[in-house]
Amino acid sequence: MSLLKLTVNGKPVEVDVPESRYLAEVLRYDLGLTGTKIGCNESECGICSVIVNGRPVNSCIYPAFKAQGADVTTIEGLDKEGQLHPVQQAFLDHGAVQCGFCTPGLIMTAKALLDDKKAAGERVSEADVKVALKDTYCRCTGYQSVINAILQASGEDVKPYIPETKTPHRTVGRALANPDSLAKITGRAMYTDDFCFPGMLVGRTKRAGLAHARIRSIDTSAAEALPGVVAVLTHKDVPGRKNHGLVSVDWPALCYDKVRYAGDAVAVVAAESEDVAAEALELIQVDYEPLPVVNDALQAAQPDAPIVHEERPDGNLLKHIKVRKGSIDQGFADADVIVEKTYRTPMTEQMFLEPECSIGVPKGYNPESFGGRVDPKAERGIHFQHDKTTIYCGTQIPYLDRDQTAAALGVANEDIRIVAALMGGGFGGKEDIAAQIHVALLAERTGRPVKMLYTRAESLLFHPKRHATVIRIKTGAKRDGRLTAVEAELYGDGGAYASLSEKVMTRATTHASGPYEVPHVVVDCYAMYTNNTPCGAFRGFGVTQSCYAVESNMDLVAEELGMDPIEFRRVNALDVGGTTCTGQVMRESVGLKECIDWLEKDMRAHHEENGTPFQWSWADGTKRYAWGIGIGYKNTGLGGGAPDKASAIVEAWVEDGKAIAEVRTSSAEMGQGLPAVLAACASEELGLPYEQVRVLLGDTDHCPDGGPTTASRQTYVSGNAARLAAKQLRLILATAAANKLGHSAGELEFADGHIVCNGSRASIADAIQWAQESGQSTKIEHEYWAPKTQPLGTGGDMHVAFGFGAQAALVEIDSETAEIKVKKIIGANDVGRAINPLTLEGQIEGGIIMCLGNTLTEHFVTDQGAPWTDVMARYKMPSIKHTPKIISRIVEHETADGPFGAKGIGELSSIPTTPAITNAIYNAVGVRVYSVPVDQDSLLMAMKAGEKECLMGWGDFEPVPSVPDRILVSAEG
Amino acid sequence: MAYWKDYYTPTTVEEAVAILARYEGKACMIGGGTDLLLEIQQGHRPKMDALVDPTRIEGLQEIVEEDGFLVIGAGVTHTTIVNDERVRSRGTCLVESCGVIGGPQVRNVATLAGNIAHALPAGDGTIGTLALGGEIQVAGPDGIHWFPMEETFIGPGKSTVDAKQMMIARIRFRPTGDQEGSAFRRVMRPQGIALPMIGMAARVQLQGDVIESCRIAIGPASKVPFLAVETMKFLAGQPPTSDTFAKAAEVALEEVQLRTSPHRASAEYREEMIRVQLPKTVAKAVERAQSGQAVPEGVGA
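Those protein sequence lines, which keep their order, are chains A and B. Following the working numbering, the numbering of the first sequence begins with 1 at its first residue and continues without gaps. Following the working numbering, the numbering of the second sequence begins with 1 at its first residue and continues without gaps.
Since the hints were made in silico from the structure, they are not lab data. We treat Cβ as the ideally placed atom computed from N, Cα and C, and that holds for glycine. A couple of the hints might just be wrong.
Using 35 Å as the maximum straight-line C-alpha spacing, the simulated DSBU-like pairs for lysine-lysine come out as follows [what the hints assert, rightly or not]:
hint: 1; chain 1: A; residue 1: K5; chain 2: B; residue 2: K5
hint: 2; chain 1: A; residue 1: K11; chain 2: B; residue 2: K47
hint: 3; chain 1: A; residue 1: K944; chain 2: B; residue 2: K223
hint: 4; chain 1: A; residue 1: K5; chain 2: B; residue 2: K47
hint: 5; chain 1: A; residue 1: K821; chain 2: B; residue 2: K247
hint: 6; chain 1: B; residue 1: K280; chain 2: A; residue 2: K948
hint: 7; chain 1: A; residue 1: K881; chain 2: B; residue 2: K5
hint: 8; chain 1: A; residue 1: K5; chain 2: B; residue 2: K26
hint: 9; chain 1: A; residue 1: K130; chain 2: B; residue 2: K280
hint: 10; chain 1: B; residue 1: K26; chain 2: A; residue 2: K881
hint: 11; chain 1: B; residue 1: K280; chain 2: A; residue 2: K623
hint: 12; chain 1: B; residue 1: K280; chain 2: A; residue 2: K823
hint: 13; chain 1: B; residue 1: K247; chain 2: A; residue 2: K623
hint: 14; chain 1: B; residue 1: K164; chain 2: A; residue 2: K5
hint: 15; chain 1: A; residue 1: K821; chain 2: B; residue 2: K280
hint: 16; chain 1: A; residue 1: K130; chain 2: A; residue 2: K944
hint: 17; chain 1: A; residue 1: K885; chain 2: B; residue 2: K280
hint: 18; chain 1: A; residue 1: K824; chain 2: B; residue 2: K280
hint: 19; chain 1: B; residue 1: K280; chain 2: A; residue 2: K944
hint: 20; chain 1: B; residue 1: K223; chain 2: A; residue 2: K623
hint: 21; chain 1: A; residue 1: K821; chain 2: B; residue 2: K26
Short derived list, chain B residues pointing at chain A, Cβ under 10 Å [what the hints assert, rightly or not]:
hint: 22; residue: L37
hint: 23; residue: R45
hint: 24; residue: A301
Generate coordinates for the entire structure from the input sequences, incorporating the hints supplied.
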């Protein structure tokens, strides 16, 4: 231990710490300044940025003693006496705060830029912002709001970019900051790793490291004998159900017979320190019999492929999903033009910036017996009782975490409590069990709290990703442009365990003829088990993959027909009265044609601004430019006959003379802005100012079940639950007020915190008191059931609603290097109704940039089950320098059962970007890309050779299989 | 996690070398640590008992002019180099190469000495320095000596400067003068590791209408940062025309050893980039030599 002296946020501090500390560790764990977040521990993501002697540095990789004597500023040092720093204020105004995990890093880096420029007496340009924040990543916003916010903070006149929407109601339809944004911009927001309990142990997981092997034996004796090790657990220590899983229960909490992917958990350790835990993992001896590896979905379908789950009746086939509509033979007989191609998409990684973290606290835990108390500074009204096994974690599905943990522990569901901490992004990657079961087992075994924080490398290795797919698609159309038939065959790599494969690949399948009226459709999808990382949910949920194939073929057919790509889509676009490929007749809320109209208008406007006539492609020196378009749609809600419901409590009380309402539901906020939606719904119904509505999410003992946060469903289901609970509460308040005011309840109007009628007026706070005095409860729970849906294959309404979207991309390609830049994206989205245009725009921009990453930068590369992508430095997500100008158009075709007409928006914008960009690439250089992410190396070689097809994406080991002989299972009737 | 035990910030070169000696191979020099610490964390290098940080050694935190050289101390960061007016105008390719490493947070701590000590065939700052004719001052058990940097590279990531015994104390080069200019270019891909597909730098001395002499560095084009000697010979005495530059690229292609790096670049792509980018790099250096003006391009890109 050595003395480290620093000045932190203007105050001198001295700490006695080991010289091996990094600055981020000192700040977070020794000084309790948890506003500085650690995203990667490899100097890659920049979110740990703090300012040392005036310059931003990555504190995660900055040796603390390098800073001896230095002046350090962290996020906690920015706001002074309640006055926000201009950068903080601007982030709030522009909605540049979503999950909030990267926010301190963005703000600190921006502050350093502004300080520099101010000292130099220079203005800040957009280019300056892009240079300064080049390596400070954000996975939620898409950066446009970040750029605008920083420019505003520098003194430029930049207004928040909020697209035009319908006239707002009192609260619904207004651009308002998410209720938790203030905590996020000041560093007070608590994520799981920010919690610290006295007596807490460090938990670590022994991972397989082998993609496929039989376990002969596991010897933990040496690890157990290591001083400082408190517990080592294997499958023998799982008292209840050995497996977990959201759909199929096939995923061992701790492996017992085989390991099926490199990230499989074999043992867990709880130790007094991180170093001891790491050493203990090395001492665990597992004797394996290596087995042949299933490398991808096509290999998995070969008759001689090794079998991943021997007990399953269908070999490696996880699920065969079928769509049938009309007569496919008739459809192709009717066609004048037929195009058949095969496309490939890679496994991709959510790369939420907060790695998974879980803390297990044992039943009956008393911090005082460890000489401490629980720091009560946590926000959001978390109750720190531990009368049952409690797990703090970031999760998209709190109740299923609870139930799965209870099953593993062999206890009743009610004996487990999940407390959802704030989540630094999820995007689908935090739906499956991570360490929840492990920390619960370790906490109960040791009688002490246990924290498991995954390293970035472990997070990459472990969690389910987006399915790699191979998609053959055959599209037929008549000379007049009408589609006659679509036949598609999809192979999805589900990885080692089922996770949500069946659901994800169903979505890929049912969306595989696009949002078009197609009379004859056959789609077969084969979700396969392999020895890769399991694949599950990732924003877009399978539709991102199939949309790429569908929309690429649409452009090819349009070209064959000699038809304008926009006109071709307009002719075929679904409309009210149309029928989807699953037989669902659209009765309302289909704003697709309006979205397509916007694309055309805005592309033309782009050229008018430059004084040139519209053209799809042009050249300037060595640069080639072109537009490309993509159309997509995405279901709202679970659909397919699954019961889809959410419960919410709305409780009102009086605090300091003011009426306060709180919405409680176990739905998850991962940066998508759910609290803003729930608060707006309650505020609107109660006539209570938005600021007086609080939101508590994800505590299974205090919040009813909102169901999984997936399928773009929470605005619809939990929004409705909150709205309807608030409506009932309002009725109670109206009844109480009516008695006092001498009016009938129906005459009363609720607005701005007051109840008025014919000149009489009372505050809602008064009404709450009157109701309570008369013995009425002001706490209402409502369980909302979405309209019934039908299973696939039975026709009828498979989904309650669909969001529709259209995007145009303007790309620039250097003809000498094949370097690609996306200059502009126009996105038009039919969202039903914009509940909050500010947070909605954040979802749209973030989705677009994420899908831009899917097209140009992202591939989780793995070979024979061994991930090449083992650190963040090997997985590039889009940075601020990739951000194009985004033009966003909101189309609002309300859906009858959505809250105020709203549909789900979380995934929609992350679907059509890929084909928009690849279609633009084709229009620019005449080469069609059949595998993403686009590889400039292969693209250049194709361009030089005058070829029209680029069959290698970046990270691929071989070209896309040709059509159709490499496809292994032929479509059956 | 503890990846080292002791962290030293000596104030003299002698003290730094003495600490290394005392630890007998269990200590090593650290610059900004943005490569070294990751390699230790990820198990590519062994854990160390001690790290020796030169950023508090007196006199090594700055860039000075001495005996006709620009001398860069071991503690000088990429940011300091990029912002230095003397290097910007008279060592332009070094600013251009140091300006594209990482983001500001990395450039604020990463040192040029660390980049050169790492000896990666495509290290950007290394390529820029090599083209300028950089020399490094190595302090170790045998005292303090200057070496032309190309003599110290022995393999990918391997250098005669053993960071467990020695340190690069200073780097120096003769600033470009009258009728002289330099330039750096590289091609990146947006995926995978942040190393260039290929990068190159040129330093050109004109004598009226001909190229009097020239230095060209390319990486990765060999097992070590590559000095394109044959191309340099070819260019000497040639008129600075686009025809010359195109021919120079063909000469370079004869002498480089390009290979395909998985998930980074194919040999064919690299070949094409030399054909496309080398003429542009030399042309830019020539343009700067002719105009006497040099504004670094692409910094922060």
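Quiz item: Between K11 (chain A) and K47 (chain B), does the CA-CA distance stay at or below 35 Å?
Solution: Measuring from Cα to Cα gives roughly 34 Å; hence the hint holds.
Quiz item: Is the hinted pair K130 (chain A) and K944 (chain A) satisfied, with a Cα-Cα distance of at most 35 Å?
Solution: Holds. K130 (chain A) to K944 (chain A) sits at ~32 Å (cutoff 35 Å).
Exercise. With a cut-off of 35 Å on the C-alpha distance, tell me whether K280 (chain B) and K948 (chain A) pass.
Key: holds, 28 Å
Quiz item: When you check the alpha-carbon spacing of K280 (chain B) and K623 (chain A), does it fall within 35 Å?
Solution: The hint holds at about 16 Å.
Quiz prompt | Hinted pair K130 (chain A) and K280 (chain B), Cα distance within 35 Å | solution = The hint holds at about 25 Å.
Exercise. Decide if the proposed pair is consistent with the structure: K247 (chain B) and K623 (chain A), CA atoms, cutoff 35 Å inclusive.
Key: holds, 24 Å
Self-check item: K280 (chain B) paired with K944 (chain A) [C-alpha distance capped at 35 Å]
Solution: Between K280 (chain B) and K944 (chain A) the Cα gap is close to 19 Å, so the pair holds against 35 Å.
Quiz item: Between K944 (chain A) and K223 (chain B), is the straight-line Cα distance small enough, at 35 Å or below?
Solution: Given pair K944 (chain A), K223 (chain B) holds - Cα atoms ~28 Å apart, limit 35 Å.
Quiz item: K821 (chain A) and K280 (chain B): Cα distance at most 35 Å?
Solution: At roughly 21 Å apart (the allowed maximum being 35 Å), K280 (chain B) and K821 (chain A) satisfy the hint.
Quiz item: Has the given pair, K821 (chain A) with K247 (chain B), been kept, meaning a C-alpha gap of at most 35 Å?
Solution: holds, 30 Å
Quiz item: Has the given pair, K885 (chain A) with K280 (chain B), been kept, meaning a C-alpha gap of at most 35 Å?
Solution: Roughly 30 Å separates the two Cα atoms, so the pair holds.
Practice problem: Grab the minimum C-beta distance from A301 (chain B) to chain A and call the hint holds if it beats 10 Å, violated otherwise. | Solution: Holds, about 8 Å.
Consistency with the previously given hints fails for numbers 7, 10, 21 and 23, ordered from lowest to highest.
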